[in-house]
Amino acid sequence: MFCFMARKLISQEMDGVLPARKTRALEEHVDRCAACRAFRTELETGRRLLRATATEPSEAFEWTLQLKLNRAMQSAAASGAVPWVESQGGSAFAWLRSFGLSSVAGLALAAVLAVWVLPLGTGPLPASGDLHLAETAGETAASPVTLSAGDADRLSLSPQPRYRLLLSGSSGSGRTVSGWSLAQPNLLDRSGWVPTTWRGAQLEGNEAFAAVREENGRLRFMLRQLRAENDALKSLLEGTEINYLETEADEESP
Amino acid sequence: MFMTDKHPDPGRQGSLAYAELRDEDLIALVQQGQKRAYDELVRRFKGRLYSFILRMVADPVEAEELAQDTLIRAYIHADKYREIARFSTWLFTIATNLVRNRVRKRKRTPRMLNLDPAPLSDDAIPLDPPDPSADPTIQLEGRELGDLIAEATSMIPEKYRIPFLLREVEQLTYEEIQQVTGLKLGTVRSRINRARNRFRQNIKPLLKNETLLVDLERLEAQMNHEEN
Numbered sequence: 021m022f023c024f025m026a027r028k029l030i031s032q033e034m035d036g037v038l039p040a041r042k043t044r045a046l047e048e049h050v051d052r053c054a055a056c057r058a059f060r061t062e063l064e065t066g067r068r069l070l071r072a073t074a075t076e077p078s079e080a081f082e083w084t085l086q087l088k089l090n091r092a093m094q095s096a097a098a099s100g101a102v103p104w105v106e107s108q109g110g111s112a113f114a115w116l117r118s119f120g121l122s123s124v125a126g127l128a129l130a131a132v133l134a135v136w137v138l139p140l141g142t143g144p145l146p147a148s149g150d151l152h153l154a155e156t157a158g159e160t161a162a163s164p165v166t167l168s169a170g171d172a173d174r175l176s177l178s179p180q181p182r183y184r185l186l187l188s189g190s191s192g193s194g195r196t197v198s199g200w201s202l203a204q205p206n207l208l209d210r211s212g213w214v215p216t217t218w219r220g221a222q223l224e225g226n227e228a229f230a231a232v233r234e235e236n237g238r239l240r241f242m243l244r245q246l247r248a249e250n251d252a253l254k255s256l257l258e259g260t261e262i263n264y265l266e267t268e269a270d271e272e273s274p
Numbered sequence: 397m398f399m400t401d402k403h404p405d406p407g408r409q410g411s412l413a414y415a416e417l418r419d420e421d422l423i424a425l426v427q428q429g430q431k432r433a434y435d436e437l438v439r440r441f442k443g444r445l446y447s448f449i450l451r452m453v454a455d456p457v458e459a460e461e462l463a464q465d466t467l468i469r470a471y472i473h474a475d476k477y478r479e480i481a482r483f484s485t486w487l488f489t490i491a492t493n494l495v496r497n498r499v500r501k502r503k504r505t506p507r508m509l510n511l512d513p514a515p516l517s518d519d520a521i522p523l524d525p526p527d528p529s530a531d532p533t534i535q536l537e538g539r540e541l542g543d544l545i546a547e548a549t550s551m552i553p554e555k556y557r558i559p560f561l562l563r564e565v566e567q568l569t570y571e572e573i574q575q576v577t578g579l580k581l582g583t584v585r586s587r588i589n590r591a592r593n594r595f596r597q598n599i600k601p602l603l604k605n606e607t608l609l610v611d612l613e614r615l616e617a618q619m620n621h622e623e624n
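Sequence lines, in order, name chains A and B.
Position in the first sequence (from 1) plus 20 gives the number in our numbering.
Position in the second sequence (from 1) plus 396 gives the number in our numbering.
Just so you know, the hints here were simulated from the structure itself, not pulled from any lab data.
Even glycine gets a Cβ: it sits at the ideal position worked out from N, Cα and C.
Possibly wrong hints are sitting among the right ones.
[Unchecked claim] With a straight-line Cα cutoff of 27 Å, these simulated DSSO-like cross-link-like pairs (lysine-lysine) come out: (1) K442(B) - K88(A); (2) K42(A) - K580(B); (3) K442(B) - K600(B); (4) K88(A) - K600(B); (5) K600(B) - K555(B); (6) K28(A) - K42(A); (7) K501(B) - K555(B); (8) K88(A) - K431(B).
[Stated by the list, open to error] One side only, chain B facing chain A, incomplete, derived with CB under 7 Å: (9) Y446; (10) L467; (11) E564; (12) R592; (13) L603; (14) K604; (15) N605; (16) M619.
[What the hints assert, rightly or not] Just a few of them, taken from the derived set where beta-carbon distance is under 7 Å, the chain B residues facing chain A: (17) I468; (18) I490; (19) N493; (20) L494.
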């Protein structure tokens with residue numbers, strides 16, 4: 021074997037791709053040839069030098085990578101180029117975190133406004149219109165009723181189903197206005213479901229709304245009085261050592 | 397996408413479990429959206445990528461930038477990886493393409509003139525030429541061994557250097573280098589052979605230094621210690 025041939029085979033031998041037959045022939049040549057032996061040693065030393073002098077990136081590599089990755093993901097997401105979606109994993113409420121607490125608070129505020137403020141808001145009231153009653157459970161009673169300020173103090177203390185009031189009509193400029201509110205029927209008519217006609221124009225200065233608030237305050241005051249009476253009765257019962265709150269479970273327990 | 401037995405979820409067992417997984421399992425977990433699997437891949441490959449790219453572009457800042465670009469591309473296009481090749485092959489294919497683009501771009505806008513270019517053809521080089529710069533008294537002091545090796549590597553033409561480094565440092569097989577570079581198997585073999593000869597020529601002055609082997613053994617011991 022000539023040296024130039026042997027040196028080509030040495031490279032393949034180093035990579036472990038030299039067939040066994042050629043390997044034997046090469047070994048025989050290298051044993052005899054000092055130059056080829058030195059050649060092989062130098063190649064092997066070169067390989068060792070390359071592997072031993074591998075350098076590491078700077079310490080900032082990973083966080084710089086993270087910054088770049090964030091930017092790349094943002095731009096990829098903006099262009100719709102991200103072919104897969106990173107799963108959130110972990111908590112079932114992870115979506116809420118990403119959605120943002122401020123967004124949730126904003127939605128909640130909007131819902132409150134929609135329910136309580138917008139239908140009977142301070143904006144221009146319809147110049148004329150009909151007030152419809154519809155039971156929340158689904159039964160529709162779309163009969164117009166009359167509301168007068170005098171009826172506001174007739175709110176019953178007994179539990180009453182709540183009703184949705186659909187306020188609809190047209191404003192002075194001719195635009196149609198509608199909205200929903202919550203109320204109790206006896207606010208409108210103590211005797212029940214007497215259909216009467218109501219005109220939105222009668223709610224000048226939100227009198228009905230103010231009346232409801234006034235009634236609410238009155239009821240709260242009454243409730244506080246009843247609680248005080250209740251507490252007084254409880255303390256009286258404790259004084260007589262009669263336990264009226266005993267239950268069967270209490271009796272059976274050791 | 398659900399976890400399969402083939403790619404178990406190590407997240408529940410702690411970060412140590414990621415270190416025990418194969419690269420291919422980790423990229424499968426990345427495809428399922430597990431960021432920690434990607435972190436583990438970054439930990440494994442950042443040094444190898446950086447070192448490979450640095451020897452190609454010979455500029456630490458540029459090398460770091462390209463290594464990061466490679467890892468970012470691997471993350472964004474993770475779904476495109478199929479286990480028909482090793483993950484390292486796929487990753488080095490991305491890196492090689494980025495390096496080639498950068499080198500091409502650099503050639504279009506040359507910044508300096510090389511007054512001592514490497515010969516274009518290997519045939520012009522004698523098999524074992526006399527070495528005029530061979531000075532056995534050359535000292536490594538003042539220059540890091542790494543710098544000398546980097547310089548010797550940079551003198552190998554780019555088309556030889558890529559398969560050479562993939563083989564010598566990254567220890568890819570000929571078939572894997574073929575996949576990365578798109579070259580024919582015979583071309584891969586001959587280019588590695590030529591690059592080896594070039595590199596040997598380039599480090600020959602260094603090889604005559606008596607302390608080289610001592611330094612090399614010290615470096616290898618240090619490297620093994622860090623790995624363990």
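Right, here's what the structure says about each hint:
Annotation: proposed proximity of K442(B) to K88(A) holds, straight-line Cα distance about 15 Å (limit 27 Å). Taking the CA atoms of K42(A) and K580(B), the gap is near 22 Å; set against the 27 Å cutoff, the hint holds. For the hint pairing K442(B) with K600(B), the CA-to-CA distance comes to about 30 Å; that exceeds 27 Å, so the pair is violated. For the hint linking K88(A) to K600(B), the alpha-carbon distance of about 41 Å lies beyond 27 Å, and the restraint is violated.
Of the pairs offered as hints, the one joining K600(B) and K555(B) holds, with about 22 Å between alpha carbons and a cut-off of 27 Å not exceeded. For the suggested pair K28(A) and K42(A), the alpha carbons sit about 11 Å apart, so the restraint of at most 27 Å is met. For the hint linking K501(B) to K555(B), the alpha-carbon distance of about 16 Å falls within 27 Å, and the restraint holds. Distance hint between K88(A) and K431(B) is fulfilled; the C-alpha atoms sit about 15 Å from each other, no more than 27 Å.
Checking Y446(B) against chain A by beta carbon gives a least distance of about 4 Å; that is within 7 Å, so the hint holds. Look at L467(B): its Cβ gets to within about 6 Å of chain A, closer than 7 Å, so that hint holds up. The criterion of a C-beta within 7 Å of any C-beta in chain A is met by E564(B), whose closest approach is roughly 5 Å, and the hint holds. The closest approach between the C-beta of R592(B) and any C-beta of chain A is roughly 6 Å, which is under the 7 Å cut-off, so the hint is satisfied.
Against a cut-off of 7 Å between C-beta atoms, the interface hint on L603(B) holds, since the closest Cβ of chain A lies about 6 Å away. Given the 7 Å rule on beta carbons, the hint for K604(B) is violated: about 10 Å separates it from the nearest Cβ of chain A. Interface restraint check: N605(B) against chain A, minimum CB-CB distance 11 Å, threshold 7 Å, status violated. With 7 Å as the threshold, the beta carbon of M619(B) comes within range of chain A, its nearest partner Cβ sitting at about 6 Å, so the hint holds.
A hinted interface residue such as I468(B) counts as satisfied when its beta carbon comes closer than 7 Å to some beta carbon of chain A; here the least separation is about 5 Å, so the hint holds. The interface hint given for I490(B) is violated, since its Cβ lies 14 Å from the closest Cβ of chain A, which is over the 7 Å cut-off. Hint status for N493(B) relative to chain A: violated, with the closest Cβ pair at about 17 Å, above 7 Å. The criterion of a C-beta within 7 Å of any C-beta in chain A is not met by L494(B), whose closest approach is roughly 13 Å, and the hint is violated.
Hints 3, 4, 14, 15, 18, 19 and 20 from the earlier list are contradicted by this structure; the remaining hints agree with it.
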